[in-house]
Each structure stands twice: as structure tokens, then as C-alpha cells.
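**Student:** Position 93 of the sequence shown, counting from 1, maps to 106 under the numbering used here, and the rest follow consecutively.
The set of hints was computed from the structure by calculation and includes no laboratory data. Heads up, the beta-carbon is just placed ideally off N, CA and C, and yes, glycines get one too. Errors might be hidden in some of the hints.
Straight-line Cα separation of at most 27 Å, DSS-like style, residue types lysine-lysine; simulated pairs [said to hold, decoys possible]:
id : residue 1 : residue 2
1  : Lys256    : Lys360
2  : Lys367    : Lys410
3  : Lys475    : Lys367
4  : Lys413    : Lys360
5  : Lys410    : Lys472
6  : Lys360    : Lys384
7  : Lys410    : Lys256
8  : Lys360    : Lys310
9  : Lys367    : Lys468
10 : Lys224    : Lys256
Derived DEER-like restraints, expressed as beta-carbon distance ranges [stated by the list, open to error]:
id : residue 1 : residue 2 : range
11 : His251    : Lys214    : 18 to 26 Å
12 : Glu325    : Asp516    : 26 to 34 Å
13 : Glu458    : Glu325    : 44 to 52 Å
14 : Phe483    : Ile454    : 32 to 40 Å
15 : Ser368    : Gln82     : 52 to 60 Å
16 : Asn523    : Phe376    : 57 to 65 Å
17 : Ser370    : Asn523    : 30 to 38 Å
18 : Cys97     : Ser370    : 47 to 55 Å
19 : Ser348    : Asp516    : 24 to 32 Å
20 : Asn283    : Ser368    : 51 to 59 Å
21 : Asn480    : Asp237    : 38 to 46 Å
22 : Asp60     : Glu322    : 38 to 46 Å
23 : Glu164    : Leu86     : 25 to 33 Å
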Amino acid sequence: MDFPLPTECVEDVISNLEINRDLFSALMVNREWCKFAVPILWKNPFDNNNRENHCKKVIMRTYLSCLDQRSKLFLESNGVDLSCTSSSTAFDYASYLNYLSTTSLKFRIQQYMFPQAGFCGSMLNEHQKTSNQIKLIFTILCKHFISRSVELKYIEFSDFGFDPLNVYSIPFATFEGANRSLANLQIFCFHGIPGKSNNAKTFVSMSNVCKNISHLEITLSTLDEAKGLASLISVQNHLEHFKLVSDTRFTLIDDDIFGAIFRSLATQSNTFRSIFLQNVSFTNVDFKSLAEFGKCKALRSMTFIECEEIQEKTFNAISNAFPLLEHVFYVSGPSEVPSQSFCEIFKTAQLNIKSVSFDVEVFGLIETITKFCTKLEDISVNSIDPTEIILILSNCKELKYINFRGEGGIDANDIFIGMARSISPNLEILSLNMSFTNPWIFSPESLKIFLDSCKNTLKIFKIYHYNAPFNIRDLEDARIKTMNEEHFNVIRQSGITFHMDSDIWPRNTNIITTIDIPENIEENQ
Numbered sequence: 014m015d016f017p018l019p020t021e022c023v024e025d026v027i028s029n030l031e032i033n034r035d036l037f038s039a040l041m042v043n044r045e046w047c048k049f050a051v052p053i054l055w056k057n058p059f060d061n062n063n064r065e066n067h068c069k070k071v072i073m074r075t076y077l078s079c080l081d082q083r084s085k086l087f088l089e090s091n092g093v094d095l096s097c098t099s100s101s102t103a104f105d106y107a108s109y110l111n112y113l114s115t116t117s118l119k120f121r122i123q124q125y126m127f128p129q130a131g132f133c134g135s136m137l138n139e140h141q142k143t144s145n146q147i148k149l150i151f152t153i154l155c156k157h158f159i160s161r162s163v164e165l166k167y168i169e170f171s172d173f174g175f176d177p178l179n180v181y182s183i184p185f186a187t188f189e190g191a192n193r194s195l196a197n198l199q200i201f202c203f204h205g206i207p208g209k210s211n212n213a214k215t216f217v218s219m220s221n222v223c224k225n226i227s228h229l230e231i232t233l234s235t236l237d238e239a240k241g242l243a244s245l246i247s248v249q250n251h252l253e254h255f256k257l258v259s260d261t262r263f264t265l266i267d268d269d270i271f272g273a274i275f276r277s278l279a280t281q282s283n284t285f286r287s288i289f290l291q292n293v294s295f296t297n298v299d300f301k302s303l304a305e306f307g308k309c310k311a312l313r314s315m316t317f318i319e320c321e322e323i324q325e326k327t328f329n330a331i332s333n334a335f336p337l338l339e340h341v342f343y344v345s346g347p348s349e350v351p352s353q354s355f356c357e358i359f360k361t362a363q364l365n366i367k368s369v370s371f372d373v374e375v376f377g378l379i380e381t382i383t384k385f386c387t388k389l390e391d392i393s394v395n396s397i398d399p400t401e402i403i404l405i406l407s408n409c410k411e412l413k414y415i416n417f418r419g420e421g422g423i424d425a426n427d428i429f430i431g432m433a434r435s436i437s438p439n440l441e442i443l444s445l446n447m448s449f450t451n452p453w454i455f456s457p458e459s460l461k462i463f464l465d466s467c468k469n470t471l472k473i474f475k476i477y478h479y480n481a482p483f484n485i486r487d488l489e490d491a492r493i494k495t496m497n498e499e500h501f502n503v504i505r506q507s508g509i510t511f512h513m514d515s516d517i518w519p520r521n522t523n524i525i526t527t528i529d530i531p532e533n534i535e536e537n538q
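Whenever a hint applies, use it, and build me the whole structure from the sequences.
**Tutor:** Written as C-alpha cells, this is what we have:
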């Protein structure tokens, strides 16, 4: 029978099918379709979001069937039951593997070992009987993947407390075939167990074979790991994204743990686009190290989550470094925000800034942004001066989203009227944060003036509260006083979607903590 479509057309059609159910159907058409569908199905077999349940059960059986006779005999000699596997397979399935998650792989092995047990049951059995068998299967399969895969693009190392396996002791980068299969690794995620693993050797061994990583996501614990990570970063050809989470409990105060990492990032100055730092201590990061990092002129995004000791005099090293910066996200840590340096950062990037988020008030921030960053599209800020929301709306006319947290207890009627006069023509979402016990005070009339001004653009209006009492039993104490039924009628008439949250964790199930419009609103008692 002649094949009705050119081979190139069939390959193009099948490669664009994203739903596995459709790909499974393609397997049954004929050999030609099967030949194209199998590599796609097996490039990421551990993806739980794109895998039929009945196929999850055969993944391990298929991979174990692909093993050579020597590996099978070794597993059987250690008590692993391979009776359900076949002597050979129609395809070299491991050669198609592009994505490897150690967490998913271990879970699939547990399912294979204990098909009738749930996750907790399999973990219990593992600790009692078979942790060694699971580790043997895991190690042999990883060797098989490394030796057979044509190209691994994504690897995620994590154990997340599953200590009996200890994936960090398995030398992936030294396995036969690593020079080929890991040569074009693009995404490398590595999350160690705090206090139980030292991954410096892993980073160094990876640096010998992986030169084309574009995305690094690392959890770090020790100085040795930092040095190993710096060596891995330095050998890359085009690193673009770097996420670092530090286990600060293991930070050595007298050592420069992170300075070496910042200096290594300077080697990626032509391609580096985004940095994400969480729990990172800047205690011993010196001006020179940050100045080296400032060579990354292509940086587009920076995120700081609960970082420590970001000193103004040190952070000033990068205050004028990033002219192409677009996104800044900051969650405060135990030290003060280097407000002057951040303002200089925004003055340098100016119209390139698209989104800004700070969870604390930063002196001079709003004034700087509204003067220099008028192409802003997304902002989340705090201010003791509620009129600054009008300043933002007046100057940033491309704004699509604003989250504003202001002081409580103010008469906000003029604020709503001022917002109505200054509304951005592109504004889609407005979120206001105010005190639960002392909220903004505004009339239904001023609310209507505001909503009428933006009903053609605004899609969602939200009000969140903070500082709600922790333990509330009395309905009156839990009543949201920000709005009444007249306000709600104004919102209903506007046609704008509305959500309000009280920030209360109720002990009494009769307490209303959220209100949504257009959904049915129960009486706010």
C-alpha cells in the first residue's frame, strides 16, 4: 500500500501534536506514523501532565526491558523481579530521552516495585526492605540514559528528604556517554538536602562535560559548593538564567561564599539575562565582586527574595550597570533595602523598565519610577502617601496592572476621584491593600465615579486586607467594614469583576472572609 502523504509532511504533523492521546492514536496507523510518534512520546516520559495513566505503568517495564543482559542479571541477582519485562524492544527508547527528573524517576521505580501500594506505603516498604534495590535500579537506569540518550536537554536533581537514595552520590557526569548526551544540556536544576549533601564534586564533574547550559537553578549549602558552582558557571558558552537558593543555616560568616559566584557570572556577560537570589547573604560580598557582575549589561530581570545584608555602599557597585533591565522583584529580608542604589538602577534603565515589585516602602522609589520609567506595565508598591497611586496612574500610561498598599484609616474619596481623572487607558487589574481594622473610607458615589472612568478597560478590581486579628469568633468583629451593599451594587452595575479578601482565618465557619462579584454574594454580616 502506497503511503498517501510525503514523509516530511507526516513528520511535521506528528511533531506538532501536543496531546499524548493523539500521539497514541498515531502509533496505531502504520509503521511510518509509529516511527515518528515514538520519539516524541519518549522524549519526556516522566511528564505527569502529558501522559496517559495506563502508560505510566509500562514506562519502567519498557526501560528495564531495554537493559543489556549483564545489567538484567545484576538486578535479578540482587532480588529485583524482572519477570514482567521482555527480552528486547522494538525501539531504543532511552535514545529519545530529553528530560530527566530524578524525583519522577524514583517515583516510577517505587510504582514498579510496589504496584498495589500508595506513595506512603511504598516509602514504608522502601525503608524496611528495598532501599538498596531502588538505588540499584535508579543507578543502572541513569547509566543507561546517559549512555544511550542522543541529547539530554533538561536534568533535575533532587531528593527532597528521600535520603535512602541519595542521588547526589551517583556520578552522572562520569558515566560512559556523558560527553555526548550531556554536551548540549540546556537546563540544570539541582536541589540538595541541607546538611546532608556536599555537591561540590558534582558541579566540578558537570563542568567537564556541560558547556552549553542556558538555565541554572541551584540550592546551595556550603563554601565548597559555591566554589564548584562558580567553576560550572565559568565554563558555560551562553548562560542566560540563574536561580540560586541558599540554605543560610550553613552560611560561613567569615568566608566569601557568594562573591565567587558573582565574579563567575561576569564571564557570561554577553548572554546573561536574569538572576534570582533567595536567602543569599551579602555579608562578605565586596564591591569588586558586584562590580564584576555589573559587566552583565544584557541583564533583563533581577529578583531578590529575603536576602541578607545588602549594604548600600556595596550594592552601589551595580547601580548604573544594567541599561536594558526590564523586571525587578524584591521581597524584604532582615536588612534594609538599599533604596538609593535601586533608584539609580531605575534611572539607568529608564523606559526599558516593564515591571516593578517591592513588598516594603522604598524611599524615593515611586518618584523615580514615575519620572524615568513611564513605559511601566506592572507595578506592586507600598506607600504611606496614598496620593502616590494617582502619581503612578498619571505618569505611567501603559500600565496594565497595579497593586498598591497604603496606610489605613484615610478618607479615600478624593483618591478615587483622582484615580478616575488619571486612569491609564490600558489598566486591566487594580489591587488595593488596606488595613482590616482601619480601612480606607470612601463613598459609593466616589467609587462609581472611578469605575465609570475605567469600565471600558478595567477587567478586575481587588481589595485585600492585612493585619486582621488572628483569632476571631464573633461575627461582628469579623465583619468587613470597607464596603456595604451600596458599594456592591455600584460594582455590579459597572460589570467589572470584583474580589475582596478579609485576611481572616476563621474559626467560625459562618464568618464571611471573601466576597466575589459577579458570583452570588451572601449578606456580609
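**Student:** Does each hint hold? Answer for all of them.
**Tutor:** Quick rundown of the hints versus the structure:
1. Taken as a hint, the Lys256 and Lys360 pair is honoured in the structure, with Cα atoms around 25 Å apart against an allowance of 27 Å.
2. The hinted pair formed by Lys367 and Lys410 meets the criterion: a straight-line CA distance of about 12 Å does not exceed 27 Å.
3. About 22 Å separates the Cα atoms of Lys475 and Lys367, which keeps this hinted pair within 27 Å; it holds.
4. A C-alpha spacing of about 21 Å is found between Lys413 and Lys360, which places the hinted pair at or below 27 Å, so the restraint holds.
5. For the given pair, Lys410 sits about 16 Å from Lys472 by alpha-carbon distance, which is consistent with the 27 Å threshold.
6. Restraint check for Lys360 and Lys384: satisfied, since their Cα atoms lie roughly 9 Å apart, inside the 27 Å limit.
7. A C-alpha spacing of about 32 Å is found between Lys410 and Lys256, which places the hinted pair above 27 Å, so the restraint is violated.
8. Distance check on the hinted pair: Lys360 and Lys310 sit about 15 Å apart at the alpha-carbon level, within 27 Å; holds.
9. A threshold of 27 Å between alpha carbons decides the hint, and for Lys367 with Lys468 the separation of about 24 Å falls inside it, so the pair holds.
10. Distance check on the hinted pair: Lys224 and Lys256 sit about 18 Å apart at the alpha-carbon level, within 27 Å; holds.
11. In this structure, His251 and Lys214 meet the distance hint of 18 to 26 Å, their C-beta atoms being roughly 25 Å apart.
12. Checked against the given bound of 26 to 34 Å, the beta carbons of Glu325 and Asp516, roughly 33 Å apart, stay inside it.
13. Between Glu458 and Glu325 the C-beta distance comes to about 46 Å, which sits within the given range of 44 to 52 Å.
14. Taking 32 to 40 Å as the suggested C-beta distance range, the pair Phe483 and Ile454 does not conform, at roughly 24 Å.
15. Between Ser368 and Gln82 the C-beta distance comes to about 57 Å, which sits within the given range of 52 to 60 Å.
16. Distance hint check: the CB atoms of Asn523 and Phe376 are about 44 Å apart, inconsistent with the given range 57 to 65 Å.
17. The hint said 30 to 38 Å for the Cβ distance between Ser370 and Asn523, and at roughly 36 Å that hint holds.
18. Take Cys97 and Ser370: their Cβ atoms lie about 52 Å apart, and the range 47 to 55 Å holds.
19. In this structure, Ser348 and Asp516 meet the distance hint of 24 to 32 Å, their C-beta atoms being roughly 26 Å apart.
20. Look at Asn283 against Ser368: about 24 Å separates their beta carbons, and that is not inside 51 to 59 Å.
21. Under the hint 38 to 46 Å, the C-beta atoms of Asn480 and Asp237, about 44 Å apart, fit the expected range.
22. Evaluation of the 38 to 46 Å hint for Asp60 and Glu322 yields a pass: the beta carbon distance comes to about 40 Å.
23. Roughly 30 Å separates the CB atoms of Glu164 and Leu86, a value that falls within the hinted 25 to 33 Å.
In the structure shown, a violation is registered for the earlier hints numbered 7, 14, 16 and 20, in ascending order.
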